[in-house]
Amino acid sequence: MAIEATAGGRSAFDQLVEEARPKRTLAQNLKRFARRKPAGAISAVVLILLAFIALFAPVIATHDPIRDQVAAERLEAPSASHFMGTDNLGRDVFSRVVYGARISLQVGFLAIGLGTVTGMVIGVLSGYLGGKLDLVVQRVVDVLMGFPFIILAMLLVVALGASLLNVGIALSVAIVPRVVRLSRSSTLSVKEEVYVLAAVTIGVSLLRMVLRHILPNTLGPVFVLATGALGGVIVAEAGLAFLGLGIPPPSPSWGGMLNIGARGYMEAAPWMVIFPGVALSAVVFTFALLGDALRDVLDPRLRRGDS
Amino acid sequence: MGTLLEVRDLRTEFNSEGGIVKAVDGVSYDLQEGETLGLVGESGCGKSVSALSLLRLIPNPPGRIVGGEVIFEDQDLMKLSERQMRSIRGNKIAMIFQEPMTSLNPVLTIGRQLTETVELHMGYSPEAAVRRSVELLEMVGIPDARSRLSNYPHQFSGGMRQRVMIAIALSCSPRLLLADEATTALDVTIQAQILELIKNLSTELGTAVIIITHNLGVVARYADRVNVMYAGKIIERGTADEIYETPKHPYTRGLLGSVPRLDVDREDRLASIEGMPPDLDRLPPGCSFVPRCPHADDHCRAEMPPLSSKDGTEHVYACWKGHEFGPLELVQTKA
Amino acid sequence: MQKYIARRVLLFIPTLILASILIFGILRILPGDVALAILGQEAAEGGGGYTETQIRELRAELGLDDPLPIQYVKWAWSMVNGEFGGESIRSTEPLSSIIARRLPVTLQLTVYTVLLSIIVAVPLGVFSALYQDKWPDYVLRMGAILGQSMPNFWIALLLLLFMVTQIGWSPPLGYSNIWVDPFHHLQIMIWPALILAWRFSAYMTRITRSGMLEVLAQDYVRTAKAKGLGQGLVVRRHSLPNVLIPVITLGGLEVSTLLGGTVILENLFGIPGLGQEIVQASVGRDFPVVQSLAMMLVFFMLGLNLVVDIAYSYVDPRVRYS
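From first to last, the protein sequence lines stand for chains A, B and C.
For the first sequence, the working numbering begins at 1 and goes up steadily by one.
For the second sequence, the working numbering begins at 308 and goes up steadily by one.
For the third sequence, the working numbering begins at 643 and goes up steadily by one.
Bound-form chain A, shown alone (with noise of 0.2 Å):
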């Protein structure tokens, strides 16, 4: 009876606080989050925008970031035409920022979906196995969080070579250690509980435990995890692009544009620099301000004295 009644992962009390709770649709969730975390709906709004700039840029931009570059116009002042100028070869700014706010996502989704679906699955099994594979993976884990983050993607872009999707595969390398440590941490709590102990005491075989008891538990702090390192990951994708480490030129990314930009037209052409700037820390902002928002309601154990 007792297994039963945790089989479904919750404990007894956590059933009751859920039956004493008014039971409530979607719409009636989001207005509570809108209403309690303010800062956080907002931007949310404001990345719901951005997914739909980056996907639906060709629309949107007025020129084509690469292949539109008129010699006659280069370096030019923000104008009707051209609604933030255009940089050294006469390519439009706005048109490329538009499509670098798709390469910053594109990059940011991969790094964070490659990273977080290896970090669980290392961090589970290390936390739930144990023995030595846990001491090893605990060390690297150790000494890679050691790394400067941005050190760590460019020996990797090193090795692998610049192109979007290796920068994306080097900066979700950089984030595996953090996704270990956590669900692995988060396994182990889980791991002692009494539900899990029951299980295994009956014979549950290891896969479904994992599956069933373990995963559910280490979600909830991966995703929030997750979507403040979002912004890191962007930003971290810039500073490679800026360094010249990046996503190779033309592609329009935030970092490559402000590289060149920062290559003696920062005086003729100063909107080479501020509109790929702005773009690049309103993203971060936003994401910023929803990871703390989602700490807040998806997580109170992560919650600090600090809001």
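Heads up, some of the hints might be wrong.
Okay, the calculated beta carbon distance ranges per label pair [stated by the list, open to error]:
{"no.": "1", "chain 1": "C", "residue 1": "R649", "chain 2": "B", "residue 2": "Q500", "range": "36 to 42 Å"}
{"no.": "2", "chain 1": "C", "residue 1": "K645", "chain 2": "A", "residue 2": "G264", "range": "55 to 61 Å"}
{"no.": "3", "chain 1": "C", "residue 1": "Q808", "chain 2": "A", "residue 2": "L30", "range": "41 to 47 Å"}
{"no.": "4", "chain 1": "C", "residue 1": "R649", "chain 2": "B", "residue 2": "E389", "range": "46 to 52 Å"}
None of these hints come from the bench; they were simulated from the model.
Even for Gly, the Cβ is constructed at its ideal location relative to N, Cα and C.
Dock chains B and C against the given chain A, drawing on the hints supplied.
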């Protein structure tokens, strides 16, 4: 002996998610010099908040003292400036807290935590403060006092830490000592030692003591008079004997029923009060105890009874039916 | 406590070895041939081709003919005996001289940033906590969020843009050692240090604030207030030491992010530190330099973590006496 402390209609509120909580709701009592007073009630009844209010140590926000007077040595503490108040805290009124494990600062030596009070209030030089601290530690029964001054709290056991807390509290020979659940976190044998220590030292120094506890057994043994609190109000007051033998409020009667007693048949001696302590932000209009009271009627539901007695004695209670209750039957029926 | 420190120091050695294996391994995951990659890039840049002989010569020069474990041991040993992995492919300058020249610059920049941040962040964090949820707290928190979300290279670009267009001044070109020309040195170093410190102090302010809030709610702070201590003593004597323990630990870990920022800003401001060299080497596929400098940066970071661990044991009596 004169009156040392007079509390008049003290009110302290807290802002919470559910609204304003009246943690202390019009509490009045007085205390004679050298007297030991018990303040008893379940956790959450406002007894600790009322003690912290005396020292004006309510964390603000979310808490706030909204009214009342606390006359201590002929001045109203509520009207003093923060600076004047500081010269009273730890000096004339000292406090011992419940958690000996966390009430001492983990990164400062015991010596530092002892000497700072006498340096601050009595203007002792560092050397004199150290001498005084050794004296105090010996007084509370800590062996090898001088060498222990350089120890840190984690090197002491719980009982020893509470002795240190007592030494700190008594370092300036206060007129009033507030002991807030001072022994609750300790083992039973240590509890008795600590209470004896407080009792002996306060007698020696002529210090008045307010013992704040949920344990009526403690109060019966050490207090001269007892105030029983429920839902932010005092609901019964009398001498320890009166409260213990002829409790008039059904709540006090319930509390006494739930104290293990050696003089009652083992089979029957534990009763309990039905229900839970009330939410202080959702109190009923009449007597707060109505939802848990087996004797409640419409009068009780409509009007809060005043703290008084039918025959004009000092044993007062806030219950319309209090006078109907005789001495507590020591042998109780099974609930 | 000696035991604690000894254990930490002993653990440091396998950690370093593991780190070096990781760096070595990462740079060898490229499926192709390092020599080919280098020559391919040179060829692409120079517009010419390369011959079989060139490949063979470069392979021999880089020691690529040895089996991987031998390559690793040779490199690791050179890190210990002071050769630091030989020399640069591009400039043929020995790595030992590159490191001797550039490491102090990066160290200086890091120290300036950390000092600036601590001076600013600790008082601001305390202040922010004491005024929790009142307007000074909000202003400081906004500033902190901005500092943490604007990429430092963009802030740097804006700053340079502002200085050039609005005041007509920009940091002087070239770099001077602090012992040679301190004024010139500071004119160059102060800007990246300030920008890095904004972010770093934003983080430090945040953890000081939350640590302070946590400590102010502790029972022992209530005890201190009940003793009649004023706010000054309550903060200085009873709260700050307890706050500094987490601040030191978390601050030490965050230096890793700071180092990343140093790498970028050294390039932007033309400061000849390790970061500038490692980026130039990465762009130029100068594998020996990338490998050894990455190891130096990681060594620096891990060494700092060790120092923080030891410092921690001095601050916290619970560790000191265990």
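Going through the hints against the structure:
Between C:R649 and B:Q500 the Cβ separation comes to about 40 Å, which falls inside the hinted range of 36 to 42 Å. At roughly 58 Å, the beta carbons of C:K645 and A:G264 sit within the given window of 55 to 61 Å. One distance hint, 41 to 47 Å for the beta-carbon pair C:Q808 and A:L30, holds here, with the actual separation near 45 Å. In this structure the hint that C:R649 and B:E389 lie 46 to 52 Å apart at CB holds, the actual value being about 48 Å.
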